[in-house]
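Novice: Here's the letter readout for the chains.
Protein chains: 2
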Amino acid sequence: MDLECASQETVKQGLLARGWPPIKGFSKHVKTKVLEFFSLLIKLGQDDPRRVVHSLKAGLALTLVSLFYYYQPLYKSFGVSAMWAVITVVVVFEFSVGATLGKGVNRGLATLLAGGLAVGAHQLANLSGRIGEPIVLGIFVFLQAAVSTFVRFCPQIKARYDYGLLIFILTFSLISISGFRDDEVLELVHKRLLTVLIGGSTCVIISVLVFPVWAGQDLHNLIASNMEKLGIFLEGFGDEYFKMPEDGESKEDRPFLQGYKSVLDSKTNEDALANFARWEPRHGRFQFRHPWKQYLKIGALTRKCAYRIESLNGHLYADIQAKREIRRKIQETCTTMSMESGKALKELSMAIKTMVKPFAADIHIENSKSSVKNLDTLLKSGLWDDETDLLEVVPVATVASLLIDVVTCTAEIAESVNELATMLKFEVVEPTVSPEKPETGQPKIGIS
Amino acid sequence: MDLECASQETVKQGLLARGWPPIKGFSKHVKTKVLEFFSLLIKLGQDDPRRVVHSLKAGLALTLVSLFYYYQPLYKSFGVSAMWAVITVVVVFEFSVGATLGKGVNRGLATLLAGGLAVGAHQLANLSGRIGEPIVLGIFVFLQAAVSTFVRFCPQIKARYDYGLLIFILTFSLISISGFRDDEVLELVHKRLLTVLIGGSTCVIISVLVFPVWAGQDLHNLIASNMEKLGIFLEGFGDEYFKMPEDGESKEDRPFLQGYKSVLDSKTNEDALANFARWEPRHGRFQFRHPWKQYLKIGALTRKCAYRIESLNGHLYADIQAKREIRRKIQETCTTMSMESGKALKELSMAIKTMVKPFAADIHIENSKSSVKNLDTLLKSGLWDDETDLLEVVPVATVASLLIDVVTCTAEIAESVNELATMLKFEVVEPTVSPEKPETGQPKIGIS
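As they're listed, the protein sequences go chains Y and C.
Taking my numbering as reference, the numbering of the first sequence is continuous, increasing by one, and the terminal residue is 455.
Taking my numbering as reference, the numbering of the second sequence is continuous, increasing by one, and the terminal residue is 455.
It is worth saying that the hints were derived from the structure and are not from the lab.
Hints may be right or wrong, so weigh each one.
Heads up, the list lumps identical chains together, so a pair's fine if it works in one copy or across two of them.
With a straight-line Cα cutoff of 20 Å, these simulated SDA-like cross-link-like pairs (lysine to any residue) come out [to be verified]:
(1) K40 with I164
(2) K198 with V154
(3) K35 with D278
(4) K50 with C161
(5) K50 with F160
(6) K40 with Q163
(7) K304 with P162
(8) K83 with E140
(9) K432 with F249
(10) K198 with R188
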């Protein structure tokens with residue numbers, strides 16, 4: 008007893024030495040952590056209420072398949088195999104319809120194929136007698152596991168059939184090995200396949216019928232909102248860059264100028280959503296063979312534009328800023344370039360969101376292009392006097408040049424959005440409000 | 008019969024109409040596809056032979072646990088529960104030690120916890136009589152599935168314990184539901200826990216002992232090789248940019264200038280490897296609590312530099328290039344800036360790889376910084392004559408400005424690599440070859 012007390016004291020001392028909160032404040036510390044965790048959970052639910060719905064759906068699906076155990080006639084026909092329906096629901100039920108369907112189809116087909124092959128392997132192994140059987144089975148299991156594991160490294164297969172291969176290895180091993188102890192292999196395969204199908208279809212049906220979450224719709228929205236984020240940055244950039252430090256507070260506290268950062272790392276998310284979306288049937292305005300590749304193309308171009316914006320953002324907060332006089336000379340053209348590209352991106356984003364042919368975007372792009380031309384003319388005309396320090400021109404010239412790159416990127420994005428609009432036959436709606444006239448140069452409506 | 012023939016013909020016609028290769032060329036088409044697939048597999052193995060070894064290890068682990076079925080004394084004590092050992096091996100065995108350990112620990116702990124709670128739930132449900140029992144059990148299953156599914160959305164938990172939560176839902180549901188049919192719940196929990204532990208430890212032991220793949224080592228190498236890729240680009244950039252189009256072939260065919268592109272999208276990979284690495288025990292020069300966060304910090308800075316390089320790369324292939332005279336004036340300083348930053352990055356990469364304190368990197372960075380100063384002086388001194396078209400100066404000024412950004416980024420990277428070197432007590436090795444002298448300005452050895 009004494010020994011136990013002593014060791015408890017040692018543990019306590021050790022904890023204290025490691026800066027653990029003293030026992031007195033410990034419960035308070037735990038309370039704070041728990042409160043923090045709960046407020047995080049509430050925030051997760053508020054950010055996307057579909058998460059709450061999904062959790063309830065998962066609970067519902069699981070409760071439904073557990074009827075196999077509770078309801079006597081069902082239990083009679085499946086017995087413990089009903090367990091596979093429960094397992095299938097837990098592992099197959101995913102957030103989006105596409106992901107659930109993809110996993111369900113993978114699991115179903117892999118179980119069928121592996122079950123068939125395992126029966127064959129069992130028959131072959133049976134021929135080798137009671138001593139040879141485990142050896143032959145062992146070789147089969149080793150070979151199929153090694154080959155299937157290696158095939159999983161193949162990127163094209165990993166993207167769509169990784170889960171199927173995992174289930175293939177699992178089912179083949181389980182059935183061929185069980186066959187050694189249980190001669191009713193065919194019945195085993197039959198029961199397993201049936202329960203997997205029941206579990207899988209429960210998931211798919213609930214996923215599709217109860218407040219469905221479509222990965223395709225999510226990809227569609229993600230692409231549009233990424234474009235919008237860049238647009239917001241560009242609309243604000245001109246004013247922010249040319250505003251003099253003495254005009255007011257620090258530039259750093261502008262959250263709307265930081266929204267674009269999430270676009271830089273969105274590739275993985277886009278790829279995953281496109282992979283899920285490919286499994287989804289026709290829904291709403293999305294067909295089965297919707298041009299998801301075109302979305303990825305637009306996403307890649309948006310990211311390319313975001314890289315330029317990241318460079319621009321660096322100049323927003325650079326310590327050495329050019330003198331007011333130097334910047335003022337190109338302020339108007341640069342602000343127009345940035346503003347018009349931003350408007351074009353927001354227009355394009357809205358066009359994707361509403362699936363209406365972009366109308367004013369081309370005009371904004373033409374305006375930004377004509378600003379580029381104005382800038383060229385300005386520069387050719389000897390903008391700054393001879394005494395101007397070239398050193399001070401460099402940062403301004405860089406911002407101008409990056410903005411020219413952004414205008415080019417925006418035009419590329421517009422082109423690929425127009426391709427998408429043609430593919431999907433976006434609606435043509437005459438705008439009720441006429442788009443703004445460009446601030447410099449002649450308005451060039453309807454060009455390109 | 009006629010109907011069947013007719014429908015076959017319809018299918019064939021349909022296939023032909025869809026551009027399917029005609030039946031005559033079909034087998035050839037399949038042959039080509041199969042050959043392509045096999046050459047892809049061979050390439051995958053050649054690119055990283057550890058993949059082949061991993062596949063053999065997976066086969067070995069699976070064959071080992073299948074002994075539970077073949078060996079009578081083992082089968083006697085576990086029976087069909089041995090299946091759980093097979094399932095555990097298939098789903099837990101991952102490429103790296105960290106991923107395998109993470110999944111194994113998650114699975115083990117989740118099974119223990121869920122098993123305990125499920126026994127409690129079973130006891131409570133037992134109190135409600137034969138009719139009340141399924142209702143109480145159903146409520147428990149629904150609640151735990153919904154709550155656990157929701158908690159999986161929490162990003163911090165998803166990163167480390169997602170698999171554990173999945174297994175928690177699975178085990179709790181299986182055991183509490185099975186309890187309805189089988190009163191030996193405790194034995195069920197005991198067998199399941201033991202088989203999961205056996206399967207999990209088989210995976211971990213094989214993963215650690217047979218040609219282990221350490222996620223930590225992979226992260227370490229990835230960070231170093233990303234830095235090297237940027238270095239290669241920067242070393243080649245100066246010559247490539249200032250080379251005149253008439254000098255030779257197209258600039259597009261320079262694969263060494265495209266290597267940096269993979270750095271842009273490496274965040275997901277780095278995050279995943281760091282998550283796995285956190286599970287790994289001490290190995291080689293890596294401790295259990297290795298500063299993986301510092302690697303992620305270096306990775307983020309490297310990516311920031313890569314975004315600037317992406318902008319630079321755009322200027323390499325721009326149609327409008329400044330005239331030779333304009334570019335020649337800053338050619339030397341720009342080439343030095345680019346070359347010295349590139350050398351610094353390659354030095355830092357080598358320092359990480361060999362875990363030796365970077366020696367020459369500081370000198371290269373000082374050289375690149377002094378080139379920035381030289382450029383400032385050049386620009387101040389009225390570099391171009393008054394008749395120079397400002398329009399032609401802009402692209403050159405942009406390249407110079409982006410290179411200045413790159414120099415700043417490189418200095419930041421060097422600083423965080425030095426922090427890492429201090430944390431990990433990198434070896435100090437006196438170089439046998441003295442680093443090159445800067446081409447412009449005075450050598451500034453040993454500064455900063």
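Novice: So, against the hints stated earlier in the document, which numbers end up violated here?
Specialist: Hint check: 2, 3, 9 fail, others pass.
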